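S.K.: Using the sequences provided together with the hints, build the complete structure.
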Amino acid sequence: MTNKIRCLVLSLVPLAASAQPMPRYRWQNFTTADGLPDNRVFSVAVDGARIWAGTENGLGLYENGKWRVFRPADGLAHRAVTYVAVDKRTHDVWAATMGGLSRYSAGRFDNFTQLNSGLSNDVVYGVAVQGDFVWVATAAGASRLNTRTGEWALYNERNTPMHEIWTYAVSTGTSKVYYAVWGGGVLEYDVRTERWKDYHDPDGETEMVLYKDQGLIHEITTSVSWMERDKILWVTTYFGASRYDGRNWHNFMEKDSGLPSNFMNQVKGVDGNRAWFSTDKGLAYYDGENWAVYRPALQTGKPEMLVRDAQGKVKQVETDTAPAHNYVFGVDFQGNDIWVATAKGLSHGIRIEQEVTRNVTRRNDQ
Amino acid sequence: MRREQQMDVVGHDRERVELIVPDSGAVVDGCQDQLSDIRLAQKHGAAAGLVEQAVHCDEGFAGGQICERKRAVYGKTAVQTEGDEQGLANGVQVRESPFAEGHISVVRRECENSQHGRPTRPPQATSLPHICLSVLLFAGVLSAGAVRYPSPIELAVSPDGAHLYVLCEGTDELAVIDTHTGKIAGRVQVGRVPKGLWLNGRYAYVANSWSDTVSVIDTSTLQVTRTLKTGFEPNAVFANETALFTANRISNDISIIDLSTGGETRRLAAGRGASYLTPSPDGQSLYCTHIYPNIGQHRAPPESEITVIDAEHQIVRERRPLHNVAGVFHVAFSNDGRLGLACQLRPKNLVPLAHVEHGWVFGDSLTVFGADVGEPVQVLIDELERYYTMPFGVVIAPDKSAAYISTTGANSVTVIDIARLLKFVRAASPSDRRALANDLSASSRFVGARIPVGRAPKGLALSPDGSLLYVANRLDDTVSVIDTATRKVARMIDLGGPTELTPQRRGEQLFFDARFAFHSGFSCANCHLESTFDGLQWDLEPDGFGKDIVDNRLLEDIDGTEPFKWNGGNPDLETECGPRTEKFFYRSQSYSRDELGDLVAYIKSMPLRSNRYRLPNGEMTAAQERGKDIFERTRRKDGTPIPEANRCAFCHAGRHYTNQTQVDVGSGKWSDRSPVIDVPQLTNIALTAPYLHDGSARSLEEIWTVFNPKDTHGVTNDLAKDELNDLIEYLKTL
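Order-wise, the sequence lines are chains E and D.
Using the numbering used here, the first residue of the first sequence is number 1175, and each one after it goes up by one.
Using the numbering used here, the first residue of the second sequence is number -13, and each one after it goes up by one.
Just so you know, these hints were derived from the structure itself, not from any lab.
Here the structure is a predicted model, which means the values were calculated and not measured.
The beta carbon of each residue, even a glycine, is placed where N, CA and C say it ideally should be.
One should not assume that every hint holds.
Claimed, not checked - Quick list of in silico lysine-lysine cross-link-like pairs, DSBU-like style, CA-CA up to 35 Å:
| # | chain 1 | residue 1 | chain 2 | residue 2 |
| --- | --- | --- | --- | --- |
| 1 | E | 1350 | D | 707 |
| 2 | E | 1240 | E | 1518 |
| 3 | E | 1371 | D | 707 |
| 4 | E | 1405 | D | 707 |
| 5 | E | 1371 | D | 623 |
| 6 | E | 1489 | E | 1518 |
| 7 | D | 569 | D | 334 |
| 8 | E | 1350 | E | 1489 |
| 9 | E | 1489 | E | 1429 |
| 10 | D | 614 | D | 569 |
| 11 | D | 614 | D | 474 |
| 12 | E | 1371 | D | 614 |
| 13 | E | 1262 | D | 386 |
| 14 | D | 215 | E | 1262 |
| 15 | D | 215 | D | 590 |
| 16 | E | 1350 | D | 334 |
| 17 | E | 1429 | E | 1487 |
| 18 | E | 1350 | E | 1405 |
| 19 | E | 1489 | E | 1455 |
| 20 | D | 707 | D | 551 |
| 21 | E | 1442 | D | 707 |
| 22 | D | 215 | E | 1405 |
| 23 | D | 215 | E | 1350 |
Claimed, not checked - Derived coverage of chain E by chain D (criterion: at least 3 residues anywhere in the stretch with Cβ under 8 Å from a Cβ of chain D; other residues may be distant):
| # | stretch |
| --- | --- |
| 24 | 1280 to 1287 |
| 25 | 1414 to 1422 |
Said to hold, decoys possible - These stretches of chain D come out as covered by chain E in the derived footprint (C-beta under 8 Å, 3 or more residues):
| # | stretch |
| --- | --- |
| 26 | 372 to 380 |
| 27 | 526 to 534 |
| 28 | 708 to 716 |
M.R.: Following this line, the structure appears as structure tokens:
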């Protein structure tokens, strides 16, 4: 979105003066009917014009308008692909699967398992690339592969503060690496000191929030997203979301934010103030003040976009399209567009350019 | 021990370090780093090794200034030595070792931009050699240095045709030949075991495979202007205006170095044993080929690939599979870019090695690809009753009339008539094209000539007008100059190597010569590629068909590891390589007694390449130290003793990590006549996947995660995964 100012209002209700409207999309949905390997899409990764989808039954590549499917017969480690990451330097694709870690490089699969390599466990939930290192989240600890030397480092309760070794997601930057530890909070790795630090819910493992904004919202973390430039960490759990700036925590729950649900599968930050949340009741976007939710309406299934402003007012924005399903697993960005992995297909949110009119409160676009 | 040091014309140290064990008198070439020297010294009986290092500034040498602090290592303890500072300052080191008899001392100088964090030195402007340090041998005998032969391996011709650049891997130098006079115009010292050469404008780039560097040479001054760090064991180099690429054989990848900064910007995953780089004529693509096949399923057909790199965007664009191929060497393109030829071997390792005829051991082959042929096709350059093995170098005439292929084992150059080749390939139906891969009659349709040259021809280069073909005869230390019109050798260029042939040199010539095999089918070097291994498993006939499948092994530093053969059945190398080879491999009269002696001398002399997995200072990482503790442990984690015979360090003991006994570790397969194996040495084990006697373990991990369910091959099932990782990290340092 640029700083251009044009003269068309798209919403049906007054907007706050000088407010940046929440992004709107025209949603294009893909299912197996279009060539998607499976409708249950756990992860999506964008690599320029290529879209990679990790599904329950194969790895899909969408390119030039067509889907190409990879399964174990093609060399993929396992048909269930839980996460996909792309090495932006080499365009190698790393696929976390239920049967090991696959690297796809220009047509060749190389598979790493707990038997043939130093990978800690074959049940791989997350992967992230950090320069020459590949960080992996598995059901039995975290692993790191040095792609130059082939060395595998393994991190578990014996050499980190983690007491629960089920790592669920990983996010890397140049200075930090973060793990979402399912049932074990968040783990932080300092690249410079090579030390680990843990973060936990100060309320313990309860769903009550006794100490709001005094720590991580919940122990069952599902995703982390580290914003290196702003030094902000976003975290999602099954019981709310958190934002951490290195000193202060801010927690978001359904009852006091625009989140459609406390149950979240992924967070992907745009920057320190903006993030996308993949929940079981829709896709949510937070711009630092306002929230937008995109989904098929829970009751009717009709396309729905809701906007909640900083004061808590919720408005409905007219829209003709919606993501494929309200159960969202994850997102990735392609310029101004967004790709969304859902339980019933993959959605491409094509950004609708909007115009912002300062000091204009209402126009009727009919 | 004696060491000689000389300053060469470009100010780059060229050390020849010799280790002499007083008791045995064994003389061994030293290595690049102190830790390897200590290891070698210990392996040859020294109780400990002293390594001293001192550095001298080139400019300050006359005044004896010391640029860097000297370090000494005794055993594993770092000790500062200070008393000799003054001696060094005087330009001469005279030192008495404080150590007991039986110890040896090694003194070495650190070089500019050398590996392992050593301090640097500026290039020297003078052209006079210097003698820098002398080394005392304590209680030892001074001996003559090991003889080194130039061993030319790669060639390049300057764009004006006036100079021929000859890369000499044996003497670590680039020789420059005046093509008009045939005389050597200059020599440039480079890093250790240079393997790759590329000319780009004013600069020559040399990949120093054992230094893990590239030397950048200004061809106008014959000075090394920069030394750039690469991945492990760079074997090939290519440079355009902005970036430099190396194919790294041990790390199986391609380094991309920004020429403006000299720093590596990224690493691309290649195939296994990335060794050769060839740019497309338009410079847009870079083709990487591999000396080893990709590791696949056990006893599956070998698969290799050509890794095609987008040179502009510096990514891998595609991988072209090469089926049933293991060992791919150089690639050449026609100037119009429509035709590509890749030299390769097609091993028949899945069938019993029962006979040589009809191509049942190796096919010497080309992959023909490009717009001229459409779908790639493999053709043999062999004949029905004569093989031209180890196709290595290939060049295509500027007018696309012919292609020239050096066949290292056949001591010849094969000339391909391109027009006839294309006609032949295009006329074949799709099914016929697939059959061409094994068609021994095909070569008669497109081979124009076989030109005898010197021993072990390797690199090729054409003069710009295509009238002359230069051939590097690696084991003759000469260059053959072929008149391409007459297809005859017009003259020879002598590179000035030693005239006397040592037994080792004669043995090396035998190692690469296929004339002993029936129909000249193959040589030792077919399986032990460039004196290493091939990554394959073979079914050798004497054990019975389908019995005793054996994995190929590295030959470095095997002296002293007898007995040989996977089950220890051969007591010495003379047995391993003698009549047995004649009967079961070559199927033809083999080596005479003297020849066998020379061959064994060569095999025993193969130097040990330095280990890449330790820290730059030679110490171990924390993980490696933990792994060492596991390797040497005598008790399980619960405290119960591990039987002595089941401890890692019991069988894998001594300087080669083998106690040279035969044991049953439970790794026997149904196809083995006996489960008893000879304890293998572990030197540089990180390089030689797959593992176990039959190559069934695709990685070091699988030795224990798959093939040690009952703790018969060491006790490992009580280890946590991270502990097994630590053990693996330690093994990689051996």
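S.K.: Starting from residue 1442(E), check that the Cα of residue 707(D) is at most 35 Å away, please.
M.R.: 32 Å, holds
S.K.: Between residue 1350(E) and residue 1489(E), is the straight-line Cα distance small enough, at 35 Å or below?
M.R.: Between residue 1350(E) and residue 1489(E) the Cα gap is close to 38 Å, so the pair fails against 35 Å, i.e. violated.
S.K.: For the stretch 1280 to 1287 of chain E, does the count of residues with a C-beta closer than 8 Å to a C-beta of chain D reach 3?
M.R.: Coverage by chain D holds for the stretch 1280 to 1287 of chain E (4 residues, Cβ < 8 Å).
S.K.: Check the hint pairing residue 1240(E) with residue 1518(E) against an upper bound of 35 Å on the C-alpha distance.
M.R.: Distance ~19 Å between residue 1240(E) and residue 1518(E) Cα, so the pair holds.
S.K.: Does residue 1262(E) sit within 35 Å of residue 215(D), going by the straight-line distance between their CA atoms?
M.R.: The given pair, whose Cα atoms are some 23 Å apart, holds under the 35 Å limit.
S.K.: Are the Cα positions of residue 1350(E) and residue 334(D) separated by 35 Å at most?
M.R.: Cα-Cα ~51 Å, so violated.
S.K.: Does residue 215(D) pair with residue 1350(E) here, judged by a C-alpha cut-off of 35 Å?
M.R.: 27 Å, holds
S.K.: Verify the proposed pairing of residue 1489(E) with residue 1518(E), using a straight-line Cα cut of 35 Å.
M.R.: 26 Å, holds
S.K.: For the stretch 526 to 534 of chain D, do at least 3 residues have a Cβ located nearer than 8 Å to some Cβ of chain E?
M.R.: violated (count 0)
S.K.: Straight-line Cα separation of residue 569(D) and residue 334(D) no greater than 35 Å?
M.R.: 18 Å, holds
S.K.: Three residues minimum, CB to CB under 8 Å: does the stretch 372 to 380 of chain D make the cut for coverage by chain E? Let me know.
M.R.: violated (count 0)
S.K.: Need the status of pair residue 215(D), residue 1405(E): alpha-carbon distance at most 35 Å?
M.R.: 33 Å, holds
Checked against the numbered hints given earlier, the structure breaks hints 8, 10, 11, 13, 16, 25, 26, 27 and satisfies all the rest.
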